[in-house]
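Student: Protein chains in written order, with UniProt numbering: chain X, 1 to 276; chain S, 1 to 276; chain Z, 1 to 276; chain V, 1 to 276.
Hints are not guaranteed to be accurate.
Any copy will do: because identical chains look the same in the list, a pair fits if it lies in one copy or spans two.
[As the list claims (entries may be wrong)] Straight-line alpha carbon distances no greater than 20 Å define the calculated EDC-like cross-link-like pairs of lysine to aspartate or glutamate that follow:
id : residue 1 : residue 2
1  : Lys18     : Glu56
2  : Lys243    : Glu262
3  : Lys79     : Glu262
4  : Lys195    : Asp236
5  : Lys243    : Asp228
6  : Lys243    : Glu102
7  : Lys88     : Asp247
8  : Lys255    : Asp228
9  : Lys255    : Asp236
10 : Lys18     : Glu49
11 : Lys18     : Glu42
12 : Lys88     : Glu102
13 : Lys39     : Glu202
14 : Lys39     : Asp236
15 : Lys264    : Asp236
16 : Lys243    : Glu108
17 : Lys264    : Glu78
18 : Lys255    : Glu239
19 : Lys79     : Asp157
Keep in mind that the hints were calculated from the coordinates and are not lab data.
The model shown is predicted, which means the values in this text are computed figures rather than measured ones.
Now for the letters of each chain:
There are 4 protein chains.
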Amino acid sequence: MSIVLTTQCRDDVGLIAKVTGLCYEHNLNIVRNNEFVDKAGERFFMRTELTGNVGEQFLPQLRNVLPDGAQVHLHGNEKTKVVLLATKEAHCLGGMLLKQYENAFNVEIQAVVANYDTLKPLVEGFGVPFHLVSHQGLTREQHDDAMAQVIEQYQPDFIGLAKYMRVLSPQFVARFSNQIINIHHSFLPAFIGAKPYHQAFERGVKIIGATAHFVNDELDEGPIIMQDVTQVSHADSAEAMAKMGRDIEKVVFCKAIQLAAEHKLFINGNKTVVFA
Amino acid sequence: MSIVLTTQCRDDVGLIAKVTGLCYEHNLNIVRNNEFVDKAGERFFMRTELTGNVGEQFLPQLRNVLPDGAQVHLHGNEKTKVVLLATKEAHCLGGMLLKQYENAFNVEIQAVVANYDTLKPLVEGFGVPFHLVSHQGLTREQHDDAMAQVIEQYQPDFIGLAKYMRVLSPQFVARFSNQIINIHHSFLPAFIGAKPYHQAFERGVKIIGATAHFVNDELDEGPIIMQDVTQVSHADSAEAMAKMGRDIEKVVFCKAIQLAAEHKLFINGNKTVVFA
Amino acid sequence: MSIVLTTQCRDDVGLIAKVTGLCYEHNLNIVRNNEFVDKAGERFFMRTELTGNVGEQFLPQLRNVLPDGAQVHLHGNEKTKVVLLATKEAHCLGGMLLKQYENAFNVEIQAVVANYDTLKPLVEGFGVPFHLVSHQGLTREQHDDAMAQVIEQYQPDFIGLAKYMRVLSPQFVARFSNQIINIHHSFLPAFIGAKPYHQAFERGVKIIGATAHFVNDELDEGPIIMQDVTQVSHADSAEAMAKMGRDIEKVVFCKAIQLAAEHKLFINGNKTVVFA
Amino acid sequence: MSIVLTTQCRDDVGLIAKVTGLCYEHNLNIVRNNEFVDKAGERFFMRTELTGNVGEQFLPQLRNVLPDGAQVHLHGNEKTKVVLLATKEAHCLGGMLLKQYENAFNVEIQAVVANYDTLKPLVEGFGVPFHLVSHQGLTREQHDDAMAQVIEQYQPDFIGLAKYMRVLSPQFVARFSNQIINIHHSFLPAFIGAKPYHQAFERGVKIIGATAHFVNDELDEGPIIMQDVTQVSHADSAEAMAKMGRDIEKVVFCKAIQLAAEHKLFINGNKTVVFA
Chain X
1 MSIVLTTQCR DDVGLIAKVT GLCYEHNLNI VRNNEFVDKA GERFFMRTEL
51 TGNVGEQFLP QLRNVLPDGA QVHLHGNEKT KVVLLATKEA HCLGGMLLKQ
101 YENAFNVEIQ AVVANYDTLK PLVEGFGVPF HLVSHQGLTR EQHDDAMAQV
151 IEQYQPDFIG LAKYMRVLSP QFVARFSNQI INIHHSFLPA FIGAKPYHQA
201 FERGVKIIGA TAHFVNDELD EGPIIMQDVT QVSHADSAEA MAKMGRDIEK
251 VVFCKAIQLA AEHKLFINGN KTVVFA
Chain S
1 MSIVLTTQCR DDVGLIAKVT GLCYEHNLNI VRNNEFVDKA GERFFMRTEL
51 TGNVGEQFLP QLRNVLPDGA QVHLHGNEKT KVVLLATKEA HCLGGMLLKQ
101 YENAFNVEIQ AVVANYDTLK PLVEGFGVPF HLVSHQGLTR EQHDDAMAQV
151 IEQYQPDFIG LAKYMRVLSP QFVARFSNQI INIHHSFLPA FIGAKPYHQA
201 FERGVKIIGA TAHFVNDELD EGPIIMQDVT QVSHADSAEA MAKMGRDIEK
251 VVFCKAIQLA AEHKLFINGN KTVVFA
Chain Z
1 MSIVLTTQCR DDVGLIAKVT GLCYEHNLNI VRNNEFVDKA GERFFMRTEL
51 TGNVGEQFLP QLRNVLPDGA QVHLHGNEKT KVVLLATKEA HCLGGMLLKQ
101 YENAFNVEIQ AVVANYDTLK PLVEGFGVPF HLVSHQGLTR EQHDDAMAQV
151 IEQYQPDFIG LAKYMRVLSP QFVARFSNQI INIHHSFLPA FIGAKPYHQA
201 FERGVKIIGA TAHFVNDELD EGPIIMQDVT QVSHADSAEA MAKMGRDIEK
251 VVFCKAIQLA AEHKLFINGN KTVVFA
Chain V
1 MSIVLTTQCR DDVGLIAKVT GLCYEHNLNI VRNNEFVDKA GERFFMRTEL
51 TGNVGEQFLP QLRNVLPDGA QVHLHGNEKT KVVLLATKEA HCLGGMLLKQ
101 YENAFNVEIQ AVVANYDTLK PLVEGFGVPF HLVSHQGLTR EQHDDAMAQV
151 IEQYQPDFIG LAKYMRVLSP QFVARFSNQI INIHHSFLPA FIGAKPYHQA
201 FERGVKIIGA TAHFVNDELD EGPIIMQDVT QVSHADSAEA MAKMGRDIEK
251 VVFCKAIQLA AEHKLFINGN KTVVFA
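Same shape as in the complex, but just chain X:
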């Protein structure tokens, strides 16, 4: 079984040599390595798949040879923990539950939190806890706070918005900073906001898409993780586009979560680095 080392820091000369040299000293074998230097931003990103036994001295020594403020993490084979938020639509949520059932990725869906109980039977049918947190009679902040309390008992690595159809408050976004992954039903930055398939139909585009992105305080403006598209024609109504789009949303959302689970995903300002 392999270990994944992720490194990100200020760019400098010799970083690959320093990291891989230390691995060599520690008798760690590199199975796969990816690195990226953002020249403009002067940031260095690396993902290293290793085999061997990582001793206690490895990380401290690694920090020693890297620039100040370097973020280094070792990830074993434990599953990445995810809580999913949903509303009423089943496709992205069901896609995730099925993937977990198939053992198709290294994710543990710890729980689903939804503001309606529509999807409860689906979720519980897969043996996953379902929490109804209705927004009825609550302010956005109160509702988000109620959800956050449920979520925090699970200490998830990531929160996936599996077609959660409400805008999250800045407080919620800040509380789970860099942890929230959304699926937007358009090919961003086209068709930001509501009813993107209707916008796409009105504009007469010939391709529609979906975008997985991290959530920040600007609606549909967070770092893009993954996108995919499908062809449409004049004969497709907005409803037909929405139906075709759901297949894309499901695939893109599951793959984005999988990238996160495999530690292949880094946030770099308003962009992502993805070692696919």
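Model the placement of chains S, Z and V on the given structure of chain X, informed by the hints.
Tutor: This is chains S, Z and V only, laid out in the frame that chain X set:
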């Protein structure tokens, strides 16, 4: 050899029966038929590939059975005539010239008009007339008028903007209404305007694209004909995206012109109907 | 709600006019029409979406105007009935169950028949009957006959092999002639037979795929319905290809069943006609 | 401007550390790095983009730290030299000539050798030498030898078969071992041999493709470099498929040559390693 009949008119009951019935009466055999009804717009579009001899009475009789104002056209096997406008970039223009050289489509490139002479050797190497119409010292209207005079001696069916990098005046657009096809180097409606690849890079998208569209008075807002995309990553600079994008632009532009040449393309308000 | 008329018969002149003319006489409005003539095979195929009330005289009159032996069917909005066969793998089966749960297509999964009980909880979690028909101690013919008896009580329109990993006997195939749809985990005709992903890995291909096809007596040789592909690289092991392939298999299988359910699929000798 | 270092050798521990460590000692900055270990074959492949001044001691020192028999090369910014072989079809050849004209890749097309003079005007229009080496009256070996003599005066890095429609003799293949890149008009290993589009039509596939591969002594069996596909339908004749296929062939062939020119392509037994 087949004949193409194109029909567009106000929607009504029995239109397919009326057109195909008349074809049957005239001993015309239908090889391929496509139709589309825009319910909201109440418009009917049909493309019919026929074999047989079309007599003089056919079109008048057809107009008789169709709603008032119907547009019907018979297209034989003569090549579709196209004049291309260019500036300095070779890829879309070269793609078209090569397609013609390969006999890959039923298009005659009558001439190329450009505001620089950069591409003259390429164009003349393919035996196509090249007209330099410099914009130096002219207002936009004067320059467009000078180009229009060159173009009009060719009486083209369509004008293709093969990376013509200037905005056309409303007068020019009106003069060649519904005849001008542009290639825009983004996946519209994302990244309207200048430097779309730089915009795409800044936004951190994971897919870039190109869009062929008819030109109207709103910049990059005309009816979309065709779009295609390609994947990019964090490692691709704006320049790398532009380079990858040029391959997409070339393919999309050539295919859009080919659709027009095969009479598979109808304008429907701000959209197109494409019988691909 | 619309009705679908499917027509297939020997080719002849005026067939479109005859069918659409009769629709017009019966005050049936054509919403969408697709037709195809196989010139070499002299066969005519048409799918017509209609609105209006179809009287009892329509089909007899239609048969009267068509060549002898014409097959004509009217399909209302009732769901297409499907029984799925499975073994141990969840992805194609789960994909179908989830699609049904989402109301994403007009299919009723009547039951699942499997030779292991592995997938029983998944199937029953979606409220679908699960029948275990073990092959232990039975000849292939006996086992197939036992499955056929279970299937026949449901009178399905189609039988979907959702990764059913045994070869079916000619008797079974004949019993459900033109009704059995399989998903093969390669881009046919490449890599017929066992372990296609290992074959693909050994050959060093750069794209892998999946193929949905009707089953006939030649292994992996039946009429192809749909195919899709994904890119792979030198870094992907046979196991990684299999994992990526499962996503393609799931999508292709569900779409093939959907085409059948929407009456967009015709068998034409060893090929299919698909009005997508 | 960057330098590319390519390394391939027997696998061993610490290879990345050794190579990147030596770069660091020599004050060479790594812009981009890719590596791959073929575990089964015990081979290590690495491509390193560097900036800085590489002194004379670098390569000898590098060979010293690597396993015996390591192949290491430094590639500056000089263009990769290619001779193209052709017959009568223009699309792949024209695609390459146009790419060179656009300055779209770092390739110098030194000459074209063809067994007909059909393409002479196209080639010379782009200012590239054209050599007619007719096969009339020659044995295959004599013809191949005549071509080889023309080719050898150019000392090309690669020979591209731009739809050269004859089988090459084993002597020719051995003479230019690992240097010959072919474009085959099918999605290999489907439809090996003659008339693949007719084979594809007969089989009724729904996707066709093209494959660029290195040539060895087994027809269409050499290491695959790149593949791409496009969708087809029941309505596409073999001729229509061939026409659509030519667009794919052109793109795949040009990209395969580009990969070679950018030193992103390694042969690994009967497979390739491609750092795309």
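Student: What are the numbers of the hints that this structure violates, sorted from low to high?
Tutor: none
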